[in-house]
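This is what each chain is made of:
Number of protein chains: 2
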Amino acid sequence: MRYGCSGRIARVDLAKRSYEIEEWDESIARMYLGGSGAATRILLERYPLDASALGPDAPLMLMAGLLTGTMVPTASKCSVCGRSPLTGLWTESTVGGHWPAKFKATGYDGLIITGASEAPVYLLIEEGSVAFGDASDLWGKDTYETSEVLKGRLGEDVIVAAIGPAGENLVNISSIMMGGHDARAAGRTGLGAVMGSKRLKAIAVRGKSRPAVKDASKVQATTRSILETLKKATQMLRDYGTAGAVRAVELTGDLPIRNWAQGSWPEGAAATCGQKIAETILEGHYSCYSCPIRCGKLVRIEAGPYKGTVAHGPEYETAAGFGAMCLNDDLNLLAAANDMCNRYGLDTISTANAVAFAMEAYERGIITREDTGGIEARFGAGTAMLDLVRKIAYKEDIGEVLGQGTKKAAEILGKNSIEFSVHTKGLEYAFHDPRAYTSMAPNYATANRGACHLEALTYFVENKAFPGRFLGLPDEWEPHGTERKAELCVAMQNFMSVFNPLGLCKFLMRGHAGPDVIADWVNGVTGWDLTGSELMRIGERLFNFHRMANVALGISRKDDTLPPRLMVHDRRTGGAAGSLPHIGKMLSEYYALRGWSEEGIPTRERLIDLGLIPETDGLFKVA
Amino acid sequence: MRYGCSGRIARVDLAKRSYEIEEWDESIARMYLGGSGAATRILLERYPLDASALGPDAPLMLMAGLLTGTMVPTASKCSVCGRSPLTGLWTESTVGGHWPAKFKATGYDGLIITGASEAPVYLLIEEGSVAFGDASDLWGKDTYETSEVLKGRLGEDVIVAAIGPAGENLVNISSIMMGGHDARAAGRTGLGAVMGSKRLKAIAVRGKSRPAVKDASKVQATTRSILETLKKATQMLRDYGTAGAVRAVELTGDLPIRNWAQGSWPEGAAATCGQKIAETILEGHYSCYSCPIRCGKLVRIEAGPYKGTVAHGPEYETAAGFGAMCLNDDLNLLAAANDMCNRYGLDTISTANAVAFAMEAYERGIITREDTGGIEARFGAGTAMLDLVRKIAYKEDIGEVLGQGTKKAAEILGKNSIEFSVHTKGLEYAFHDPRAYTSMAPNYATANRGACHLEALTYFVENKAFPGRFLGLPDEWEPHGTERKAELCVAMQNFMSVFNPLGLCKFLMRGHAGPDVIADWVNGVTGWDLTGSELMRIGERLFNFHRMANVALGISRKDDTLPPRLMVHDRRTGGAAGSLPHIGKMLSEYYALRGWSEEGIPTRERLIDLGLIPETDGLFKVA
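Respectively, the protein sequence lines represent chains A and B.
If you read the first sequence in the numbering used here, its first letter stands for residue 38, the second for the next number, and so on.
If you read the second sequence in the numbering used here, its first letter stands for residue 38, the second for the next number, and so on.
Take these hints with a grain of salt, some might be off.
A pair counts as met if it fits within one copy or between any two copies, since identical chains are not told apart.
Claimed, not checked - Think about it this way: if two alpha-carbon atoms lie no more than 27 Å apart in a straight line, the pair counts; the simulated DSSO-like pairs of lysine-lysine are:
| # | residue 1 | residue 2 |
| --- | --- | --- |
| 1 | K452 | K658 |
| 2 | K452 | K595 |
| 3 | K432 | K501 |
| 4 | K595 | K445 |
| 5 | K501 | K245 |
| 6 | K501 | K344 |
| 7 | K251 | K344 |
| 8 | K255 | K269 |
| 9 | K53 | K188 |
| 10 | K344 | K452 |
| 11 | K543 | K188 |
| 12 | K53 | K251 |
| 13 | K251 | K543 |
| 14 | K432 | K445 |
| 15 | K452 | K251 |
| 16 | K268 | K595 |
I should point out that these hints are in silico values taken from the structure, not numbers from a laboratory.
Please build the complete structure, drawing on both the sequences and the hints.
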């Protein structure tokens with residue numbers, strides 16, 4: 038690789054404290070792009086897919102995208118790949134901020150980390166070297182402290198990725214946090230615990246080599262073509278962050294309330310939205326590397342146990358999770374819960390789901406004060422939410438159960454708690470309700486890493502934030518119907534599949550950056566001659582590639598489901614009252630469109646057509 | 038009780054070889070009618086609901102209905118109640134023929150059998166006595182032989198209920214067969230194994246006391262009011278038996294083909310229908326006690342390993358199961374499979390499902406010739422079907438797995454065989470497809486004993502065999518829609534709930550015998566003054582009563598589902614091509630109509646309204 042990626046990967050063995058450098062070939066990038074795509078391809082050759090997620094043999098990969106670190110707008114991201122302790126499936130979790138570009142500026146595209154260190158360890162990645170440092174004094178520290186200590190030790194110009202106590206404690210819903218107080222999270226699917234299992238506390242990076250770009254002026258011209266549209270469409274995000282959406286999505290029934298049971302909560306939504314934050318506790322703004330959108334926010338907590346703290350502002354998912362889901366309308370508590378998750382290294386989506394699940398279990402008498410260690414864990418019960426977050430990170434009392442995710446928690450608690458455990462394939466739902474935009478139902482059911490919104494974001498099309506016509510789809514949708522929803526889901530999953538491997542942010546869609554625009558950027562950076570439709574084909578290939586890994590682990594139609602609360606529970610109020618997704622119908626159409634068997638298995642014909650056979654023959658090794 | 042039922046129950050302890058007589062009060066009948074209704078009420082007071090189905094403490098009850106043995110047409114039935122080894126739930130399985138009326142003519146309404154005998158035992162029930170006989174020489178004999186031997190020993194005027202080798206071997210899908218060659222089956226939910234676990238081989242009955250009837254002329258007048266309609270509408274059943282429906286249901290997509298995967302099979306349906314039987318192997322006709330319909334048939338097997346045998350003719354379910362489900366178009370093999378199930382004491386519905394499941398597993402390579410003991414177990418593969426039936430009864434090779442039911446079989450076989458295991462709550466589906474008549478979807482999902490068609494028979498209304506207007510429902514239906522389907526399901530479940538406790542056959546509906554007509558018969562027999570709507574209310578009470586037993590055992594919305602093949606698998610051909618039931622929507626409406634919580638739990642308000650609270654307070658004891 039000459040442009041975009043260097044093709045160089047550092048393979049690190051933590052047990053031996055050694056590393057090797059290898060290079061991957063451009064033909065891999067042509068098939069799978071960079072980042073999670075290329076890496077997963079390489080990785081699957083070498084490691085059994087089903088290595089115990091928290092065992093020393095399980096590989097953990099941090100992979101910058103093909104465009105990461107270039108001047109392409111939002112090209113800030115890397116993906117963390119590995120086996121999820123939460124779902125048991127192969128996973129990637131993508132994160133922005135500045136760590137990924139800085140990492141790529143060391144000249145490496147990725148790290149493959151195996152083995153477990155005896156004592157806590159951190160890595161320092163610089164241009165041309167990987168160094169191992171003693172992290173014994175960091176063990177137990179939160180992610181912010183860890184970053185601060187390492188900056189003090191290694192220099193202010195390093196950026197640190199770290200786990201907090203949750204990852205150390207092997208909590209299944211723990212995250213990897215990047216950039217200290219910047220608090221960018223590889224949040225979903227519990228990869229913090231994988232780092233923890235290797236006793237790898239942190240990875241500091243320092244590099245200055247910008248990736249080579251073939252035709253900078255072409256890249257800039259492409260950027261200019263969408264920049265005005267993008268800036269105009271994202272003004273709300275600059276002003277209020279993603280939490281600026283809370284009020285609007287409450288109106289459509291897209292906001293989950295009281296553990297997915299309640300239909301509307303207008304006062305609460307108004308009290309916990311980004312606009313309210315801007316009026317009250319907003320302290321500043323933040324943007325990821327090379328991003329003109331600047332959706333990040335800082336807040337100052339004004340009351341409660343964390344009074345005076347300057348913290349990262351709650352994003353939409355967090356605002357919905359520690360707001361509506363828990364019936365908490367106190368912004369200061371919300372910001373505190375967010376700050377605690379960032380410090381402890383917990384995924385806010387799964388954690389908020391787990392907390393709301395616990396509140397419902399408590400109110401139903403399935404768990405008691407004895408289980409909660411004396412906490413009155415009711416919905417809207419003030420600091421109870423914060424106490425539960427802490428107990429999850431430290432595996433105290435009921436926290437030990439909740440930290441295993443709501444699927445396992447329901448199995449442990451029994452007493453029909455499965456009725457209000459909201460997950461697919463073990464991953465808790467993101468806070469966009471498939472009853473409000475039914476196209477999200479087939480996506481949540483089939484998304485490769487579990488109930489992930491980011492694998493499709495079809496509501497961007499349904500509510501016209503991204504024009505469907507770019508994908509050959511209509512611009513008008515019946516949000517509660519089934520017509521063409523499977524088709525929308527497939528198209529968006531294919532399109533979304535290229536973003537992580539490229540290292541781009543999906544908010545580019547707000548600028549109407551469709552496949553052609555993305556292809557132009559790829560061509561500008563690499564010198565290739567991809568068309569938009571070829572890019573979509575790569576996306577389809579990547580989605581199928583990931584599905585094949587899941588299939589090798591036993592996934593099929595039986596796992597492509599919605600939990601009972603989202604399939605049968607008809608909220609009687611709000612913007613999606615009376616709406617329930619016809620998941621059977623949409624899935625049936627979905628499999629047909631995908632060219633999969635009616636049981637959700639990619640057919641040999643389709644895999645040949647996508648170039649995955651014979652390319653990947655023998656790749657999906659299961660021990 | 039003076040009329041209809043005597044109120045006398047014999048409580049038999051097989052371990053002690055002792056029995057006691059007790060009487061139940063008419064107020065119980067007013068609440069729950071007789072048979073399974075009254076008995077279950079009495080029983081739940083005394084025995085823990087969750088006693089291991091095959092343990093000695095589990096009670097097995099045989100209960101004649103309130104009208105059984107009277108001159109009310111079709112009043113021939115009794116229910117066998119207990120805990121199902123197949124589903125783990127409380128169950129009732131109803132059977133006609135002549136045993137129930139003869140049993141009731143001993144002066145008892147029911148038997149409650151507990152304990153396990155050390156050596157094989159049979160019971161002889163006569164007027165005023167229960168005797169215990171040594172069944173050591175009968176153990177291992179089939180149900181026909183058992184009947185013959187006992188008739189030789191006790192007199193030709195006894196009628197025998199017996200288990201075959203399947204029940205002895207504790208096969209989960211075994212039946213209790215009544216009347217020897219008459220081959221009437223308490224087929225569903227595996228109660229033969231409960232008898233087997235008690236080493237109770239048979240129950241012979243001899244009695245002559247007809248139940249007292251308050252107003253015979255009133256009963257006769259009511260009968261006259263529907264008899265012409267009934268006879269006219271059931272001419273097809275008299276001519277061809279229930280298997281006469283095979284061709285017609287194939288046209289609508291209601292016939293399951295090739296383990297529920299194929300959409301049409303016209304030649305096969307024509308080859309295996311009752312009309313074809315009438316043209317070829319039909320030998321005679323049979324009717325249950327007091328039944329003008331006479332749907333039973335006898336056939337003479339003309340070819341194959343059972344050539345020359347005169348056997349009970351396959352009914353619709355059996356014809357569909359060992360015909361279309363297994364792609365077998367050979368009537369002689371079909372009749373042989375039926376005969377073997379009757380002799381071994383196997384439920385033909387669950388057994389045919391298990392055989393078709395095995396054929397699919399074989400064709401997919403999930404099981405091999407090694408598992409099948411050398412049988413080439415392909416669809417349509419001649420005598421392979423018969424070999425599998427035998428292996429199930431004797432727990433040989435793969436038969437040991439299949440006899441546990443397809444739910445457990447799929448768990449054992451793994452490899453995604455759950456994708457084609459077709460059950461709800463562990464009970465295999467009856468052969469009416471919820472994709473053809475979507476009203477059957479909420480019924481199969483919620484039917485108390487699992488995927489049972491008899492708890493609703495909504496397709497009788499959808500295809501106008503019974504006028505919906507009797508239940509306040511329309512007469513025109515969109516078979517593949519959702520409109521009013523939940524309402525239809527609730528109404529029919531409530532109505533159907535009175536048939537078993539009364540001892541009546543649901544084919545009375547063909548004579549348009551609605552709630553008012555049934556109430557008239559009840560009043561004629563008992564002297565009560567029930568109205569049709571009061572009767573419907575009792576039906577609703579009974580359905581909720583049974584649901585409460587299930588709820589106590591952990592059942593809720595999460596269990597009210599369709600298997601993936603029926604929810605997502607869109608058959609591309611046939612009369613129901615493209616149809617998939619919107620189960621989420623229908624269930625949501627269903628719970629609302631039932632006055633249950635959105636998680637399928639009867640609300641306290643509704644239970645009070647139905648008179649079940651405080652009546653049943655403390656009744657649902659779980660150990």
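Original post:
Between K595 and K445, at a C-alpha cutoff of 27 Å, which is it: within one copy, between copies, both, or neither?
Top reply: Classified as both: same-chain Cα gap 18 Å, cross-chain 15 Å, threshold 27 Å.
For K344 and K452, with the copy left unspecified, which applies at a CA distance of at most 27 Å: within, between, both, or neither?
neither (39 Å within a copy, 54 Å between copies)
| Quick one: K251 to K344, C-alpha cut-off 27 Å, is that within a copy, between copies, both, or neither? | neither (50 Å within a copy, 82 Å between copies)
My question is about K255 and K269: at a cut-off of 27 Å on alpha-carbon distance, are they close within one copy, between copies, both, or neither? within (23 Å within a copy, 83 Å between copies)
Check your understanding: Is it within a copy, between copies, both, or neither that the alpha carbon of K452 lies no farther than 27 Å from that of K658?
Key -> between (38 Å within a copy, 16 Å between copies)
| query | For K53 vs K188, is the C-alpha pair at or below 27 Å within one copy, between two copies, both, or neither? | reply | Close inside one copy (25 Å), not across copies (82 Å); limit 27 Å.
Should K452 paired with K251 be assigned to within, between, both, or neither, using CA atoms and 27 Å as the limit?
neither (61 Å within a copy, 48 Å between copies)
ask   = Between copies, within a copy, both or neither: which fits K432 and K445 at Cα up to 27 Å?
value = Within one copy, since 14 Å is at most 27 Å while 35 Å is not.
As a check of your reading, is K501 near K245 (CA-CA no more than 27 Å) within one copy, between copies, both or neither? neither (40 Å within a copy, 79 Å between copies)
Note to self: Within a copy, between copies, both or neither: which one fits K452 and K595 at a CA-CA cutoff of 27 Å?
What the structure shows: both (23 Å within a copy, 12 Å between copies)
Handout entry: 27 Å Cα threshold - placement of K595 relative to K268
Key = The answer is neither: 43 Å in one copy and 46 Å across copies each exceed 27 Å.
Worksheet item: For K501 vs K344, is the C-alpha pair at or below 27 Å within one copy, between two copies, both, or neither?
Response: neither (39 Å within a copy, 70 Å between copies)
When held up to the earlier numbered hints, the structure conflicts with 3, 5, 6, 7, 10, 11, 12, 15, 16 and fits the remainder.
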